[in-house]
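Peer 1: Respectively, the protein sequence lines represent chains A, B, C, D, E and F.
Each residue of the first sequence is one higher than the one before, starting from 1 at the first, in UniProt numbering.
Each residue of the second sequence is one higher than the one before, starting from 1 at the first, in UniProt numbering.
Each residue of the third sequence is one higher than the one before, starting from 1 at the first, in UniProt numbering.
Each residue of the fourth sequence is one higher than the one before, starting from 1 at the first, in UniProt numbering.
Each residue of the fifth sequence is one higher than the one before, starting from 1 at the first, in UniProt numbering.
Each residue of the sixth sequence is one higher than the one before, starting from 1 at the first, in UniProt numbering.
Check each hint, because a few of them may be wrong.
[To be verified] Derived lysine to any residue pairs resembling SDA-like cross-links, with alpha carbons at most 20 Å apart:
no.: 1; chain 1: F; residue 1: LYS21; chain 2: F; residue 2: HIS145
no.: 2; chain 1: D; residue 1: LYS21; chain 2: D; residue 2: LEU61
no.: 3; chain 1: B; residue 1: LYS199; chain 2: A; residue 2: PRO14
no.: 4; chain 1: D; residue 1: LYS148; chain 2: E; residue 2: GLN17
no.: 5; chain 1: E; residue 1: LYS199; chain 2: F; residue 2: THR5
no.: 6; chain 1: B; residue 1: LYS148; chain 2: F; residue 2: VAL213
no.: 7; chain 1: B; residue 1: LYS148; chain 2: F; residue 2: LYS21
no.: 8; chain 1: F; residue 1: LYS199; chain 2: E; residue 2: HIS217
no.: 9; chain 1: F; residue 1: LYS199; chain 2: E; residue 2: GLN17
no.: 10; chain 1: F; residue 1: LYS21; chain 2: F; residue 2: GLU59
no.: 11; chain 1: C; residue 1: LYS165; chain 2: C; residue 2: VAL244
no.: 12; chain 1: E; residue 1: LYS165; chain 2: E; residue 2: ASN232
no.: 13; chain 1: E; residue 1: LYS148; chain 2: E; residue 2: SER125
no.: 14; chain 1: C; residue 1: LYS78; chain 2: A; residue 2: ASP175
no.: 15; chain 1: A; residue 1: LYS21; chain 2: A; residue 2: ARG109
no.: 16; chain 1: F; residue 1: LYS165; chain 2: F; residue 2: PRO205
no.: 17; chain 1: E; residue 1: LYS199; chain 2: F; residue 2: HIS145
no.: 18; chain 1: A; residue 1: LYS199; chain 2: A; residue 2: LEU61
no.: 19; chain 1: B; residue 1: LYS148; chain 2: F; residue 2: ASP219
no.: 20; chain 1: D; residue 1: LYS199; chain 2: C; residue 2: SER18
no.: 21; chain 1: B; residue 1: LYS78; chain 2: B; residue 2: ILE240
no.: 22; chain 1: E; residue 1: LYS148; chain 2: D; residue 2: TRP220
no.: 23; chain 1: B; residue 1: LYS78; chain 2: B; residue 2: PRO168
no.: 24; chain 1: F; residue 1: LYS148; chain 2: B; residue 2: PRO218
no.: 25; chain 1: E; residue 1: LYS21; chain 2: E; residue 2: SER125
no.: 26; chain 1: B; residue 1: LYS78; chain 2: F; residue 2: GLY173
no.: 27; chain 1: E; residue 1: LYS148; chain 2: D; residue 2: PRO209
no.: 28; chain 1: A; residue 1: LYS148; chain 2: C; residue 2: LYS165
no.: 29; chain 1: F; residue 1: LYS21; chain 2: E; residue 2: GLY111
no.: 30; chain 1: A; residue 1: LYS21; chain 2: A; residue 2: LEU61
no.: 31; chain 1: C; residue 1: LYS165; chain 2: C; residue 2: LYS148
no.: 32; chain 1: F; residue 1: LYS148; chain 2: F; residue 2: ARG109
no.: 33; chain 1: A; residue 1: LYS165; chain 2: A; residue 2: ILE240
Simulated from the structure, these hints should not be mistaken for lab results.
6 protein chains.
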Amino acid sequence: MPKDTVFAAELPWPEYQSRVKDGSTPILIPFGSMEQHGHHMPMHVDVLLPTEFARRAAEALGGLVAPPFTYGYKSQQKSGGGNFFPGTTSLDGMSLVSALKDVIREFARHGNRQICIVNGHFENSWFIAEGIDLALRELNWGGIHDVKVVVLSYWDFVDQAAIDKLYPEGFLGWDIEHGGVLETSLMLRLYPDLVSLEKAVDHPPASFPPYDVYPPHPDWTPASGTLSSPRNATAEKGDILLDVCTRGISAALHTEFRPKDSVAAE
Amino acid sequence: MPKDTVFAAELPWPEYQSRVKDGSTPILIPFGSMEQHGHHMPMHVDVLLPTEFARRAAEALGGLVAPPFTYGYKSQQKSGGGNFFPGTTSLDGMSLVSALKDVIREFARHGNRQICIVNGHFENSWFIAEGIDLALRELNWGGIHDVKVVVLSYWDFVDQAAIDKLYPEGFLGWDIEHGGVLETSLMLRLYPDLVSLEKAVDHPPASFPPYDVYPPHPDWTPASGTLSSPRNATAEKGDILLDVCTRGISAALHTEFRPKDSVAAE
Amino acid sequence: MPKDTVFAAELPWPEYQSRVKDGSTPILIPFGSMEQHGHHMPMHVDVLLPTEFARRAAEALGGLVAPPFTYGYKSQQKSGGGNFFPGTTSLDGMSLVSALKDVIREFARHGNRQICIVNGHFENSWFIAEGIDLALRELNWGGIHDVKVVVLSYWDFVDQAAIDKLYPEGFLGWDIEHGGVLETSLMLRLYPDLVSLEKAVDHPPASFPPYDVYPPHPDWTPASGTLSSPRNATAEKGDILLDVCTRGISAALHTEFRPKDSVAAE
Amino acid sequence: MPKDTVFAAELPWPEYQSRVKDGSTPILIPFGSMEQHGHHMPMHVDVLLPTEFARRAAEALGGLVAPPFTYGYKSQQKSGGGNFFPGTTSLDGMSLVSALKDVIREFARHGNRQICIVNGHFENSWFIAEGIDLALRELNWGGIHDVKVVVLSYWDFVDQAAIDKLYPEGFLGWDIEHGGVLETSLMLRLYPDLVSLEKAVDHPPASFPPYDVYPPHPDWTPASGTLSSPRNATAEKGDILLDVCTRGISAALHTEFRPKDSVAAE
Amino acid sequence: MPKDTVFAAELPWPEYQSRVKDGSTPILIPFGSMEQHGHHMPMHVDVLLPTEFARRAAEALGGLVAPPFTYGYKSQQKSGGGNFFPGTTSLDGMSLVSALKDVIREFARHGNRQICIVNGHFENSWFIAEGIDLALRELNWGGIHDVKVVVLSYWDFVDQAAIDKLYPEGFLGWDIEHGGVLETSLMLRLYPDLVSLEKAVDHPPASFPPYDVYPPHPDWTPASGTLSSPRNATAEKGDILLDVCTRGISAALHTEFRPKDSVAAE
Amino acid sequence: MPKDTVFAAELPWPEYQSRVKDGSTPILIPFGSMEQHGHHMPMHVDVLLPTEFARRAAEALGGLVAPPFTYGYKSQQKSGGGNFFPGTTSLDGMSLVSALKDVIREFARHGNRQICIVNGHFENSWFIAEGIDLALRELNWGGIHDVKVVVLSYWDFVDQAAIDKLYPEGFLGWDIEHGGVLETSLMLRLYPDLVSLEKAVDHPPASFPPYDVYPPHPDWTPASGTLSSPRNATAEKGDILLDVCTRGISAALHTEFRPKDSVAAE
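If we strip away everything but chain A, and leave its shape as in the complex, we get:
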């Protein structure tokens, strides 16, 4: 067994049990997808990045990281390019909702009371909310009323100071960041072997009308699949992002989750 791992599934069950049974150890669930991320990045960016943020937060908090959700909700055109790309492999909404509901119910059975969903794929957001709501409803039916679930997407912790450094020519919004500077910089810093920046396609930012169409018009999405150009991504920007997001996430969970002592004292 690796020393001091924060990955719950790397532990034998007795050790896991000793960590979670009193409910004081936060458990973080990375929520990703298998989704195209342009010509220069692999398709599990949305698994790798939230797993890393979950790992860092777990270390900061004394928490654990659960196995990631490796498939996510359908890519939407204006946030992920659209689900019509080869490689993008998505679940129906209810499949995702049901699986998350089940996992939360199981973690609560083990004793966990402080759960954090670390989301890496924007389109998962509402189905995560529904999965949590249904899980808490069922837990209430079963007499468990004290489970708290925090949901966060790591990019929401990038503050204005960081944005100014990351996008000196102006920031165009998270909505078209798919495969762009944010994700690419983080991958360059964390998994450089998985990035081929020379294959990245430079293109003007995607521009969408204020509505959606189904089936989508493929030509609304840049042919590469990214919604803004990754050309300005650097590992140094990745450091800035890692720093600001890790600090933000850790602070949020310190606020929301009770430290062990206070749990013990109740």
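Chain A is already provided as a structure; the job is to place chains B, C, D, E and F on it using the hints.
Peer 2: Relative to chain A, chains B, C, D, E and F alone:
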């Protein structure tokens, strides 16, 4: 991008597309669980092992390995100790069925026609069968009639010659192998850092009556969670298992899946 | 029968049939909710407003307006105050998805090929996307491949020029507009009898951390239920909003939907 | 806000809350459909009529009327002509059941304990029963055991004396009243602008064999879609119906629902 | 194998196949329940009676009888006494719908094109309709468009002449026949050993208000569970019923189902 | 009413109630299928056999037998020949799970606390497990925590001594017993009129590779549908099987279920 990876999600989408669009590349989906495996092994044994067998088969066949299913069906007492252990984190049957159905439908959309489920958790078996059946039904509705899905559990490829070497004192059946010699030997060979053989609990093989009870009687399961003792596990036995199963799986897939040339010739 | 009504359900079926059977008439479905909107507005604001925008667009386009969806998805704290308010009456995600799927399938059976969802409740958005995706999938299975669905939320058509007029002191974002200047101004203009501006509670804009918590902290939401103060709402601002959104929606649908002549010519 | 409205969704939430929180105020849910009603009537007859009966009963009882269900279960040939007519827009059974279950659960969360479903579309009946049963089951799981739900279809309150006046030439049964004298008379009285009696098709009463066939034989249904002729409908008969049904419904709810005083006294 | 059995499940598969593969052989599915039928009758009356009518019709038509559905939808108070009686064992609506959908889809796979549901439990009616509708939808998706399903409840074939003989003191309606003269007479004729007429409770006909209440008022139902007294039941009346219903059902199916010759000729 | 019947549905409800209300009477549910069983046996073997074992166990224990589940899960190639045979009529997994969940919940409502599923169709096994798990979960939500469910397949009680007598030339495993000596011998003993041993097809035992393929290769299954030859079946072997299984099942249930006295004493 790592050279020559077989992991589909490590590829950018254009490369993935070029591999799968004509349907000649087999894609293998590891199907695991988060489940207790005794005091000496981590809880994602059933993800790690089928992922490794999938990787080896993919290399042998020129195939790809999809992201694993990291949560599985509920542990049953007589094959996995029972779902009441802390740490064991399982899905309802329908959640698993729906997610697998979705993923198969997506892979078929990409062009895949040769899919293999590499199962590492016995209890998944019937829900995998149902997920495939529902997926093929929907694909048929959508006019796709040529998807073939092979399902296998790696231990089914252990032959009598290997059993004689692995269990010189007699083999008691796969049903009580949970956390025993088979899995432990493979883990010792592949992930020795994740095994603490000194923490393994030696105990007589579990013995169950010819029926099941719900809720289970916890005392039917050895307290450690394993159903037979792992004490005789060795990395050398792991080599035997790796060899016989990899050969068997590769041969099976060579038989069932069309090589690229024959596809191109059609 | 009222002369020249655009409301589909006010027509006898033969007249409806003559309008929709060739697929050239757009049909617009208002999608709302029963949700608290502060002390000064009724709970069906999200039904009334999209119904009115649908009516105006239908008149401009020669389209029809379907009966509204009167209940919507669960109010989320950072966009609608949270689902814990008395009066807010919401559906589970799958209920909404299923009902929308059914209605789209039925409209397609009648001959409709150009469907627009006019959304008035932010939280519906993703479940609308899922309902459409499942409906199009089933229509494809049934051999119908030419249905197009446009989804829009009316506020997305407010342009910068309008924002400058509406929020001279600065715009804080749509996310906290719940029950604020936008909705209240529109209601003052369209349904003044349903607004009691004197009961509106003035408060600073809601400010949320960059994550969500379930169950929500009620004290994150202003006690009135609105997320920004409606005090600066006026009927005149309502006129600005009606104008810019109606023009934008009509233009979008002119772009996306084929006029009758082009349909007949095919 | 309109003075003295009985429509719950026209109230701001604080007023709604003050009315329902102690459970003494009945809340009535109109349950309709979008369904063809012959050449002379619009397709939302089954929404308009139960909404009006709900309104009258709410006024008599001091109750509230919830937003209507605007889409209903599939029209059956022998009671509504069949679901094959253009315009008829129906939900699958489970969609209806789920949505009603959700709404009842929400109303109970607000404090409501006295709920009445006022049905205007015969085919809804059994799915309403199922929705209520599932809602009460879930409420019981959640510890709420005192919700009472009354279900009624307004025509069931027409007594023999009224029938004698309405059908002097003999009454042929409610089953073939679809689009006939009953509904047309009520519409003539309440919404004369929505009725074009001159377009009504006179025909002999529909006559069906004692079984059903799927897919239906369209020629079993009169081509107009009505099952009996509306020619003898009059606004005066509408008055008779309004009177007898309103009295009957109010009396029933007085019997079943506890007046506020008795609630307060408990 | 019994000579000339009409029960499909008593046949080996090759013989079944030869009967059904060209679609000319009607297959009849008895649809029952496990439901209290008073103090004098067993709880599977609603399985036994439709099975017998199906058997007779199958013999007359050269058809086959499928295994019965042994559990049905929830007993409703005004037609079956209510689901609160011990012994009454009912399915949720969706369970029934799904199972029937599956069975129809399977029979169509075998070649069957002429299916009759012979219902013995009133409350099943609407869920049967839904199951058929969903099955035909799925069959259409699969390219099968020529399946015809007839649904009948045997009592609907009792004509006025028979009613006059059965109820010389006046007929009060099928709605309160639960456990009364109709069912008891048929059971006395067909399964006299299963009837204990001496235990039958004589009581005035049940009388219900024109609405339903959930949870039901148990005291609305006669304590015995029957809704009208069975005291006037006789085996002779059973003969009358058997005769009129068998003739009616056979005639209906002769009308709806194509004889073998006409099938062969197509 | 037949004297001393053990079939619950043959009882009037008051007698049933008196038997089950204190929870001391075991209730046994036969779980079968409609599935091909070769050229020599009917398709409801898997209903008839578990019903008979349930009857015998009920007599031994003072228990009751519920109506059987007459349709089961899809036949799998390596245990039942495959679901592609005409006549085999199977349910989707979720249909089976839902129906069983409902029935268990109903039996618990009646007072039953000791339920046994007597399975006759191997493929049902996992869906039975899921149905029970979901039923117990819902019962727990409803405050019922003391229901115990035993699941058994009758062939699991055949011991080595019996195997030696039944298969003097060597036993090849239960997995290929479909339609072979075990089932045929039991049918010859219990229902000889339903067996045509002269039509049985003699063939070598089926031999399958260690994996499954979907859609199945029909030629993997012997053309007759049986997986091993029934030629050595005899009624005498049926006696051996009846004896060993009945004794085993009765002993198991004596162990698991509390006798009436001990229940009364609690």
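Peer 1: Find the hints from earlier in the document that the structure breaks and name them by number, from lowest to highest.
Peer 2: Violated: hints 4, 7, 8, 17, 18, 21, 23, 25, 28, 29 and 31.
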